[in-house]
Every structure is written in C-alpha cells, then in structure tokens.
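A.B. asks: Work out the full structure, taking the sequences as your base and the hints as a guide.
Those protein sequences? They're chains A and B, same order as listed.
Here our numbering runs 28 ahead of the position in the first sequence, where the first position is 1.
Here our numbering runs 14 ahead of the position in the second sequence, where the first position is 1.
Any given hint could turn out to be false.
So the derived list for chain B, only partly shown, Cβ under 8 Å to chain A, looks like this [claimed, not checked]: (1) Phe176; (2) Gly177; (3) Ala187; (4) Trp251; (5) Gly253.
Straight-line alpha carbon distances no greater than 20 Å define the calculated EDC-like cross-link-like pairs of lysine to aspartate or glutamate that follow [to be verified]: (6) Lys172(B) <-> Glu264(A); (7) Lys174(B) <-> Glu316(A); (8) Lys346(A) <-> Asp226(B); (9) Lys293(A) <-> Glu264(A).
Everything labelled a hint here was simulated from the structure, so no lab data went into it.
Positions of the beta carbon are idealized from the N, C-alpha and C atoms, including for glycine.
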Amino acid sequence: MKAQIVNIGMNHETAPVELRECIAADAGGTRKILDALREFPCVKEGLFLSTCNRVEILFTSEEVEDAKKEIIALLSDLGQVKDSAVSDCFYSLEGLEAVKHIFRVASSLDSMVVGEPQILGQIKQAYQLATQEKTSGVIVNRLMHRAFHVAKRVRTETGICESAVSISYAAVELAKKIFHSLEGKEVLLIGAGEMAELAARHLVNNGVSSMMVANRTFERAVEVAENFDAKPVSFEEIDRELLKVDIVVCSTGSREPVIYFEQVKKSLRKRRNRPLFFIDIAVPRDVESRVNDLANVYVYDIDDLKGVIALNVEQRKKEAVRAERIVQEEVLKFGHWLNTLSVVPTIVELRKKADAIIQAELKKSSSLMEHLTDGQREDVEVLARSIAEKVLNDPILFLKGRAERATVDTYLDIARRLFNLDRNHGVKYGSKSDDT
Amino acid sequence: MRDPWFFLALVFDLFATGGYIVYLVKQEKWVSRSSCVLLFAGFIFHTVFLCKQYVVLGTAPVLDLKMALSFFSWCIILVFLVFHLKFRIMVLGSFVAPFAAFLMIISSAMPLAAGPVKPIFKSIWLTVHVTTIFLGNGLFAITFVVAVMYLIQEHQIKQKRFGSFYTRLPSLATLDNINHYALICGFPFLTLGMITGSIYAQVALGSYWQWDPKEVWSLVTWLFYAALLHERLTVGWRGRRAALMSILCFCILLFTFLGASLWAKGYHSFSTMGTGGA
Numbered sequence: 029m030k031a032q033i034v035n036i037g038m039n040h041e042t043a044p045v046e047l048r049e050c051i052a053a054d055a056g057g058t059r060k061i062l063d064a065l066r067e068f069p070c071v072k073e074g075l076f077l078s079t080c081n082r083v084e085i086l087f088t089s090e091e092v093e094d095a096k097k098e099i100i101a102l103l104s105d106l107g108q109v110k111d112s113a114v115s116d117c118f119y120s121l122e123g124l125e126a127v128k129h130i131f132r133v134a135s136s137l138d139s140m141v142v143g144e145p146q147i148l149g150q151i152k153q154a155y156q157l158a159t160q161e162k163t164s165g166v167i168v169n170r171l172m173h174r175a176f177h178v179a180k181r182v183r184t185e186t187g188i189c190e191s192a193v194s195i196s197y198a199a200v201e202l203a204k205k206i207f208h209s210l211e212g213k214e215v216l217l218i219g220a221g222e223m224a225e226l227a228a229r230h231l232v233n234n235g236v237s238s239m240m241v242a243n244r245t246f247e248r249a250v251e252v253a254e255n256f257d258a259k260p261v262s263f264e265e266i267d268r269e270l271l272k273v274d275i276v277v278c279s280t281g282s283r284e285p286v287i288y289f290e291q292v293k294k295s296l297r298k299r300r301n302r303p304l305f306f307i308d309i310a311v312p313r314d315v316e317s318r319v320n321d322l323a324n325v326y327v328y329d330i331d332d333l334k335g336v337i338a339l340n341v342e343q344r345k346k347e348a349v350r351a352e353r354i355v356q357e358e359v360l361k362f363g364h365w366l367n368t369l370s371v372v373p374t375i376v377e378l379r380k381k382a383d384a385i386i387q388a389e390l391k392k393s394s395s396l397m398e399h400l401t402d403g404q405r406e407d408v409e410v411l412a413r414s415i416a417e418k419v420l421n422d423p424i425l426f427l428k429g430r431a432e433r434a435t436v437d438t439y440l441d442i443a444r445r446l447f448n449l450d451r452n453h454g455v456k457y458g459s460k461s462d463d464t
Numbered sequence: 015m016r017d018p019w020f021f022l023a024l025v026f027d028l029f030a031t032g033g034y035i036v037y038l039v040k041q042e043k044w045v046s047r048s049s050c051v052l053l054f055a056g057f058i059f060h061t062v063f064l065c066k067q068y069v070v071l072g073t074a075p076v077l078d079l080k081m082a083l084s085f086f087s088w089c090i091i092l093v094f095l096v097f098h099l100k101f102r103i104m105v106l107g108s109f110v111a112p113f114a115a116f117l118m119i120i121s122s123a124m125p126l127a128a129g130p131v132k133p134i135f136k137s138i139w140l141t142v143h144v145t146t147i148f149l150g151n152g153l154f155a156i157t158f159v160v161a162v163m164y165l166i167q168e169h170q171i172k173q174k175r176f177g178s179f180y181t182r183l184p185s186l187a188t189l190d191n192i193n194h195y196a197l198i199c200g201f202p203f204l205t206l207g208m209i210t211g212s213i214y215a216q217v218a219l220g221s222y223w224q225w226d227p228k229e230v231w232s233l234v235t236w237l238f239y240a241a242l243l244h245e246r247l248t249v250g251w252r253g254r255r256a257a258l259m260s261i262l263c264f265c266i267l268l269f270t271f272l273g274a275s276l277w278a279k280g281y282h283s284f285s286t287m288g289t290g291g292a
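C.D. replies: Right, dumping it as structure tokens:
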C-alpha cells in the first residue's frame, strides 16, 4: 500500500492562544516529538513545526487513521491537556490537500499577518531538525524543498512580502523611500514610549548609524539611551540636534506640541535643506501639522502610518490571489511526482526511455544502414532492443522485488534520478536542491 | 529615401519603449532587461547611421531639424545608458525611452533635405560645438525626466496618497541625486559647447559673438542652469525646488533649441543653413 502524506495541525484560527501556548515547543521539545515519531511503527517520515501561531505535524503513513490517533495523543501529552479538548482544534489534511497546506504555510499565505517573512525561516529550522533527527525521508525531503521553492517563487513573483503591515515597518519603508538607504543616517528619539522604542529598534536594524534620545526627565533618557547604545540629550538641546539629524521619532505624552513650525523652518537653511523625516506616534501629536508644508520635511503621524498599513493590507490581499495560483500550480507538479513514485509507472517510464533512445539512435545511424536490406535492418533493431531489455532487466526486477518493502520510495527515487526520468517527462523541477 | 540604419534604430527604440511601458505596469524584471537590450541595439544602429551620415556630409549630421532631433535622441539614449550603468534604476527607462522615441518619430516624419553642404560647415569646430552642446542637452533631458519623477514621488509622500507609482519609482534621495549628478555633468558640456561655438563663429564668420537670437537664448539658458547649479552647490537647494527649477530650465532649453531655430531669423536658423531648408 502507498504511503499518504498527512498534516495535522492547529493555527491561530482554529485554536485559542492558551492552547497554542501549551503545545508550542522549543527545540528540545521538538526533538522529543521527533523521537516519538521515529518510534511509531505506522509513521514513516515526519516533521514537526511549532511557532507562536501554529503547531503542525507533517508525516507520511500507510495506516493513516491509527497514525492520526497516536499523534493527537502525543500532542495532547506534550501540552498536558485532555485529548478531547485538543482534537476539536486540530485540522487534519491528507494527500495533495496536505501538500497545498504546507506550501501555503511556507509562502506565508496562512499566516496571521499574510506575507510576514519569519515563517519560512521557522520552517527551514523545523526541517533541519527533522533531517538531523533522521525522521525525514524521500517524500518529506522533496516536499520541503518544493515548499521552499514555492515560497521563493511567491516572494519574487508577487508583491505579497513587499508592503509593510506594522507601524514601525511602515515608518522604515517610508524612510527608505525618502532617504533611499538608512545607512549613516542619524535619529533623534523624543520621548520614550514602547512603540517609539520598537520603531527605533527597526531603524537601527536597518543601518541607522547614530541615535540621540531626548526626554523631559533626563534620567529616563539615559536609561533608554543605554538600550540602544545611544546618546542622551536634554530637551533644551533639541534645537541643536535638529540641525544634524535626519529622522525624528516623537512619542511624548505632552499636551502641547514639542516641535514647532518656526523651529523647523529656522533649521532648514542651516541643514542645507537635507530632508527631515518626522515620525510622530504620539497622541496628541507632538509635531505641528503645518511642519509638513515645509519643503524637504515630511511629517507622518500615527493616523498617516495606519493609513499606509491599511493600503498595504489591501494590496496584499490582491497579491495573495496570484500567490494562490502559484501554489496550486506547484501542488499539481508535486502530485505528478508523487504519482510516479510507485513501481509500475517507473518501470513503464524506464521502458519508454529505452525505446526513445533506440529510436533516436537508429535514426542517427540511418545513413550508415542505407545499404542494408529491410530484413537486415530489422535484425539490427531486434538486436538493439534485446540489449536494452537485458540492461534494464535487473533494475526492473530489483524494483519489483522492493515493491512491498518500506524502503521502496527511496529506491524509486534513486532509480528515477539515475535514469533521469523526471527531466525526460517534460516536468522540470527547477531548483538545484532536487539534485542533491 | 529612408536610411535602413535609421529605420532599424527607430524600430528598436519603439520596441524598447513598448517594453519599458509594459515594465512600468507589470514590474517584471526580465521585461526591463530585454527593453534595455533593445534600446542598446537601437542605439548601435543609430550610431552606425550617424557615422555614415558624418562620412557622407563631411560634418556633424545636425544641419537641419530632422538630423538635429535624431542626434538629440541619440545623445539622450547615450546618457541614459551610461546612467543606467551607474545608477541601475530600471524605471528611468520607462520615462526616458518614450521621450527619445518621440523625438525619433518626429525626426522620421520630417522631409529629407537635399543639396550640397556649404564648405563653411565642414569644420572640426562645428562638430565639436554641436557634439558637446547636444551631450549637454542629453544630460539636461535626464535632469528634466528625473525632476518629473521626483515631483510625482514627492507629491505622493507629502500628500500621503499612494498611487501605483509609489512602489514603482525610486526613493526621493536617489532621484535628487541623479538630478544633481546630471546637472553637474551637463553644465560643463553646455559651457564647452558655447565656447567652441564662438570659436567656430570666429573661424567661420570672423566674429565671436553676433547677438544672433539663438546665441542670446543659449546664454539665457546657460544663466538659468548656472543659477540652479549655484543654488545647489552653495545654498544647498534640493528636492522640490531644484526639481521645479530644472524643469523650467529645460523648457527654456527646448525653446532655445526649437524656437530660436525655427522662427527666429539668424544664422543658426535651419532655414538659412543652405541645405534645402527644414
């Protein structure tokens, strides 16, 4: 009987966070699960993925129902919750549905924030663990490599990962549209809220060279500055800093604006009109809105940034449609490969390939055989055929002999590669990982 | 008679333009890459055409408006290709290629002038004069195109309304940078072109400066560009104001190029150049 690909999992839509928390596992927990998977007699290959938004077990099995029961028991065991409480939250997908699911997860189409880039890294890590623990086999290997390939296609061919969907991302994206690169740029942080720190962190990750922190209470400024390796400055020094910095992040709790029109206007000439970008995430706003009217000065308050995000979310929805099409396409290709992974089609293809070679070679040598009679030509053909038969005989017998064994997939895969059957079939698997 | 090289150049420019416009909509990288190759091929054919004309006429092929427009288009594409190597801004092609192709179309639609070339034009000074002037014009055309792109992008960021151009256009800093760079390169060419022009006038007509309308307008153009450059270098003008100014400057330049040549009487006017009239 042929092994089925099965995926059991829960995500942010099917399970509440309390439950996901229980089951989410660190690397050690993952190893434990993989150990258990290896021990189950009805599971052939397996992979365990656990992130803060989802838990997935991908496995192949010939006795699907038994395997599912054991795995759900294993998961509830891990989370120390009751079977009955867990099983409602799980979805279970089989065959190409499971393949599609894993492709969608890898391409971040199934994420809470569609298009977020972390998930691919997490899947790669999960796969690495599975290979280390030797729970992955031919099918899971191929499936995961295809999943990475799909994710890459989705990322490069659609704009799904391009747009920012969090405030700090949106701010960084805007800054890049103004300054091109943030490298060597200077940032002034006025006030120190949690969101401002997050934005600052993003700016630093994107190459901002130096940072100043100003706060009404100097002690707090010093404290925040330490987190970022920044320079604390007093509130009175803001005027002077405005001459130097490129980006200002404001988030004070002040009722009155902190940055005034005249103040910025004065600094512009001394700045030689270098662009100045205000990210004002304070409510009420810290920067007078008129400041945006000044040339080369850009002011974005929290609502503007939210507007950017809303647009991007809309954009992503459109791109997701294209991404789904890519996924569908790749699922079909994978399904095709899966089908070839049984003994009879492989043998048929081997024979077909031999036949094609014989025909091609006979055609090539037709000029050499011109002086032969029809009968002689037939003899040559028969000879060629019987040589091919003899050469293929042992591999075919070998494959037939393995048909009932658990390792048949591996041998089929190797046979197909040795004879290069997938390329000749008009199905190209593109990425290099297939050849390794 | 239509020269096959010119025809090939025109066809390739048009295909490249089409490709670049498709790229603007579809954002597929290979489209812009192949458009760039097409444009380069067109440029090569155009170069062959110009060399051939140079040999036939014995001087730079800019004796009537038809030739001048084609040469202008060639210069713009040359500058674009060089800038493409330096800045790698794919979308720039979507703006420059249509402009260059437009000039080519007008050029191809104009009647062919015939007649012998006056010996006065067969001077190396004329060749140097027009080549430098036109290279300057090509660079200024880039400043113009980039300034337009800057204004579109700046408007979107300032007004916080993001259309489809927002993701397609490069950052403000990049656009301003290209504008600055093209201006700095273009200005010496313009200056050099005017100096060699006046030397040529001295050699050919015996006077450095004759208050010919085109001379005067060239001086006006030069002064405007000088002002822009000065403001940029000393005061640090940049962004919107610099973009608007470079658009204004380019309009004056175009007027000098077309207006002073076509309507004003003077020895720069194509109708008096003695090649049959344009």
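A.B. asks: Hint validation: Gly177(B) versus chain A, beta carbon distance must be below 8 Å. Holds or violated?
C.D. replies: Since the shortest Cβ distance to chain A is 10 Å, the answer is violated.
A.B. asks: Holds or violated: is the Cβ of Trp251(B) closer than 8 Å to a Cβ in chain A?
C.D. replies: Because about 6 Å separates Trp251(B) from the closest Cβ in chain A, which is inside the 8 Å limit, the hint holds.
A.B. asks: May I ask you to test the interface hint for Ala187(B) with respect to chain A, counting a Cβ-Cβ separation under 8 Å as satisfied?
C.D. replies: holds, 4 Å
A.B. asks: Is the interface hint satisfied for Gly253(B)? The criterion is a beta-carbon contact with chain A at less than 8 Å.
C.D. replies: Given a least distance of 4 Å, the restraint on Gly253(B) holds.
A.B. asks: Under the criterion of a CB-CB separation shorter than 8 Å, is Phe176(B) in contact with chain A as hinted?
C.D. replies: holds, 6 Å
A.B. asks: What's the verdict on Lys172(B) and Glu264(A), does the C-alpha distance respect the 20 Å limit or exceed it?
C.D. replies: Violated, at roughly 29 Å.
A.B. asks: With a cut-off of 20 Å on the C-alpha distance, tell me whether Lys346(A) and Asp226(B) pass.
C.D. replies: violated, 60 Å
A.B. asks: Verify the proposed pairing of Lys174(B) with Glu316(A), using a straight-line Cα cut of 20 Å.
C.D. replies: holds, 16 Å
A.B. asks: Is Lys293(A) within 20 Å of Glu264(A), Cα to Cα?
C.D. replies: holds, 17 Å
Comparing the model with each numbered hint stated earlier shows that hints 2, 6, 8 do not hold.
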